[in-house]
Amino acid sequence: MIDVKGLCKSFGDNHVLVDIDEHIEKGEKVVIVGPSGSGKSTFLRCLNLLERPTAGTITFEGRDITSAKTKEVNQIRQKMGMVFQHFNLFNHLTIMDNITLAPVKLKLMSKEEACQKAMELLHRVGLADKAAAYPAQLSGGQKQRIAIVRSLAMNPDVMLFDEPTSALDPEMVGEVLDLMKQLADSGMTMVVVTHEMGFAREVGSRVLFMADGHILEQNTPEEFFTHPKNDRLKDFLSKVL
Amino acid sequence: MLEWLEGCGEAFYRAFLESDRYLAYLRGFRTSMVLSLFAVLLGVGIGVILALIKYMGNHMRKGIILRALNWIANIYIAVIRGTPVYVQLLIIYFIIFGKLDASPMVAGVLCFGINSSAYVAEIIRAGIEAVDAGQMEAGRSLGLSWGQTMASIILPQAVKNILPALGNEFITLIKETAIVGTIAVLDVTKAAQNVAAITYDLLPPLLITAAMYLIVVIILTKLLGMFERRLAQSDRR
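For the record, the sequence lines run as chains B and W. For the first sequence, counting from 1, position 9 maps to 9 in the working numbering; every step adds exactly one. Quick note, the working numbering runs 1000 ahead of the 1-based positions in the second sequence.
The shape of chain B in the complex, shown without the other chains:
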């Protein structure tokens, strides 16, 4: 589904991603872990071109998106939902408008269809009573669940999560992870950058370890956590587990 070849990204002399090859299959739940500054967020942001790769190609559903025109990129992004560390809900809009804005503006649904879909999703995450509220009235965990719903309203083929629980108070991490698990169980293709090792172990179909712009090791969660081979990974796991 997503095919990455020779992906490089530099900011000036700072080489954040160095020659990354990676292939993500439909239905996979790929979890990316690693120390901060290892390039995992940049890698994720390259997948939907929020960051422009310096070199390399990314193919999504058979289309090379790195050479696509802006208009095509916009279309491709409709199929790639993204959830941010800081939620990035539209603060001037109600929850309902947050969810329906993009589908309606992009003429994918009528206003009525979008509202119906939004209510359906809101019921699923247990936040139907918040439809008329503004983001400022919600807790962090609720905001992140709404952000996930906002992405889901576009019927994406893949969901990208950029440290979705890192900005949350500890007691709210659970509700967001639960929703992500539900999503994973429903068969959604997911790429998740996270520090939640429990989530990686339980939900991930594959775990990648990134450091210094390289993918140093990848494996199934059991192997990854019980028999790490790379020294950097052993060191990393000894600190976080």
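Heads up, some of the hints might be wrong.
Take a look, some chain W residues computed to stay more than 12 Å from chain B by CB distance [to be verified]:
| no. | residue |
| --- | --- |
| 1 | R1027 |
| 2 | A1068 |
| 3 | W1071 |
| 4 | L1100 |
| 5 | E1129 |
| 6 | V1131 |
| 7 | A1133 |
| 8 | G1134 |
| 9 | L1142 |
| 10 | S1152 |
| 11 | I1154 |
| 12 | A1158 |
| 13 | V1159 |
| 14 | I1219 |
| 15 | L1231 |
In silico DSSO-like links for lysine-lysine, alpha-carbon gap of 27 Å or less [as the list claims (entries may be wrong)]:
| no. | chain 1 | residue 1 | chain 2 | residue 2 |
| --- | --- | --- | --- | --- |
| 16 | B | K69 | B | K117 |
| 17 | B | K105 | W | K1160 |
| 18 | W | K1160 | B | K130 |
Note that these hints are calculated values from the structure, not bench results. Positions of the beta carbon are idealized from the N, C-alpha and C atoms, including for glycine.
For chain B, the structure is supplied; the task is to place chain W on it using the hints.
Chain W alone, transformed into the frame defined by chain B:
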């Protein structure tokens, strides 16, 4: 003491009511307001364009056209903000409009509009920049175009940052137009001077004029405050 007060009353009567002179003030006042209003509209119009050029110049991959536009916008803003509005007024009316048979009012609107646009551009650009970068990313990640995200997500939020400063700019502009009498526009300040020329008493007309400016400014400040509170609705918890 009583005599002095009586003298004051007499002076103000002569400056304001005698021979229906208040009509001259009111006509001048209307001219001042119309001038300010059109100037601020022109200023916002040009200012928005300049602000978007500068914002794009700061945040997008630059093509040659954008680079050139950005350069022009920077020079425009530097020149307009770096020279006195009085000098700009003289240049526009006597040099640029000198050969044309245009009304001084049009020259005034153009001058104050252009002058205001440079300040407005910076106000709007700063207001847009103050919106969290994550908002643009969220919009783009949903597949919205740059323009769509700008129009329905960034600008509505930037308005909240822009409005107070823009209101202040409007208030400043109203007061600055007091020099427009120089190019023979009969604004309220010029009207006061004309009255003084008849009554040989400068103080009462000037105090009346000052009071008129003050009242408008106070009313506008109040309106602005109300509008800001309305806009702050979504911030409330």
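Hints, one by one, checked against the model:
1. With a cut of 12 Å on Cβ distances, R1027/W stays outside the contact zone with chain B, its closest approach being about 42 Å.
2. Taking the minimum C-beta to C-beta distance to chain B, about 21 Å, the non-interface status of A1068/W holds against the 12 Å cut.
3. Under the 12 Å C-beta cut-off, the non-interface status given to W1071/W relative to chain B holds; the minimum distance is some 23 Å.
4. A cut-off of 12 Å between C-beta atoms confirms that L1100/W is not in contact with chain B; the least separation is 44 Å.
5. Every CB of chain B lies more than 12 Å from the CB of E1129/W, the least distance being 16 Å, so the non-interface label holds.
6. Chain B draws V1131/W into its interface by the beta-carbon criterion, the shortest separation being 9 Å against a cut-off of 12 Å.
7. For A1133/W, the requirement that its beta carbon stay farther than 12 Å from each beta carbon of chain B is not met, with the minimum near 9 Å.
8. A Cβ of chain B approaches the Cβ of G1134/W within 12 Å, the least distance being about 4 Å, so the stated non-interface status is violated.
9. A beta-carbon of chain B comes within 12 Å of the beta-carbon of L1142/W; the shortest separation is about 4 Å.
10. Separation of S1152/W from chain B is inadequate, the least Cβ-Cβ distance of about 6 Å not exceeding the 12 Å criterion.
11. A cut-off of 12 Å between C-beta atoms contradicts the statement that I1154/W is not in contact with chain B; the least separation is 10 Å.
12. Distance check on A1158/W: its Cβ comes as close as 10 Å (rounded) to a Cβ of chain B, failing to clear the 12 Å threshold; non-interface status is violated.
13. The claim that V1159/W is not at the interface with chain B is violated, since a C-beta of that chain comes within 12 Å of its own (minimum 9 Å).
14. Once the 12 Å rule is applied to beta carbons, I1219/W is consistent with being away from chain B; the minimum gap is 27 Å.
15. Not every Cβ of chain B is farther than 12 Å from the Cβ of L1231/W; the closest lies at roughly 9 Å, contradicting the non-interface assignment.
16. A C-alpha spacing of about 30 Å is found between K69/B and K117/B, which places the hinted pair above 27 Å, so the restraint is violated.
17. Among the hinted pairs, K105/B with K1160/W is consistent with the structure: their alpha-carbon atoms are about 23 Å apart, no more than 27 Å.
18. A distance of roughly 24 Å separates the Cα atoms of K1160/W and K130/B; the hinted pair therefore holds under the 27 Å criterion.
In this structure, the hints that do not hold are numbers 6, 7, 8, 9, 10, 11, 12, 13, 15 and 16, in rising order.
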